[in-house]
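Novice: Sequence:
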Amino acid sequence: MSLKVRFTIAQVLDITDEEDHLHELVTATARARGGVYDREVEPLIFGILEDLEDYLVEQSRAGKFRGPDMKKIVSAWIDERLAEVGGG
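Under this note's numbering, the first residue of the sequence shown is numbered 18, with each subsequent residue one higher.
Hints are computed from structural coordinates only; laboratory data are not their basis. Note that the structure is a prediction, hence the values are computed from the model and not measured. Misleading hints may appear alongside valid ones.
Listed next, the in silico SDA-like pairs over lysine to any residue satisfying Cα-Cα at most 25 Å (straight line) [said to hold, decoys possible]:
| # | residue 1 | residue 2 |
| --- | --- | --- |
| 1 | 81 | 44 |
| 2 | 89 | 74 |
| 3 | 21 | 87 |
| 4 | 89 | 75 |
| 5 | 88 | 24 |
| 6 | 88 | 55 |
| 7 | 81 | 63 |
| 8 | 21 | 76 |
Let's have the full structure, built from the sequences with the hints guiding it.
Specialist: Encoded structure:
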């Protein structure tokens, strides 16, 4: 019997201890854009969080987002995004 549990994106980041890693992505993305104005910071952060959440939902639906793999999956997603923006 499988047990299904729901987490918020904040809980996932806390459980996986990937907050600092995500901060690196936000900073690298802002740098890649040539900097951002104060009013652009929040939309940038929430855009990245939405992309991560969409990815995790997709992985979960495919049966690939299991407890023991959470950190590895989140970290790999952040690393891929860092490479895309030249921050990795």
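Novice: It remains to establish, for every hint, whether it holds in the given structure.
Specialist: Tested hints:
A distance of roughly 28 Å separates the Cα atoms of residue 81 and residue 44; the hinted pair therefore is violated under the 25 Å criterion. A threshold of 25 Å between alpha carbons decides the hint, and for residue 89 with residue 74 the separation of about 15 Å falls inside it, so the pair holds. A hinted pair counts as satisfied when its Cα atoms are at most 25 Å apart, and residue 21 with residue 87 qualifies at roughly 14 Å. Restraint check: the Cα-Cα separation between residue 89 and residue 75 comes to about 16 Å, which is no more than 25 Å; the hinted pair holds.
Between residue 88 and residue 24 the alpha-carbon distance is near 14 Å, which keeps this suggested pair within the 25 Å criterion. For the suggested pair residue 88 and residue 55, the alpha carbons sit about 30 Å apart, so the restraint of at most 25 Å is broken. The suggested pairing of residue 81 with residue 63 holds, with an alpha-carbon distance near 24 Å, which does not exceed 25 Å. Between residue 21 and residue 76, the direct Cα distance comes to roughly 14 Å. Compliance with the 25 Å bound is thereby established for this hinted pair.
When the structure is compared with the earlier hints, violations turn up for hints 1 and 6 and for no others.
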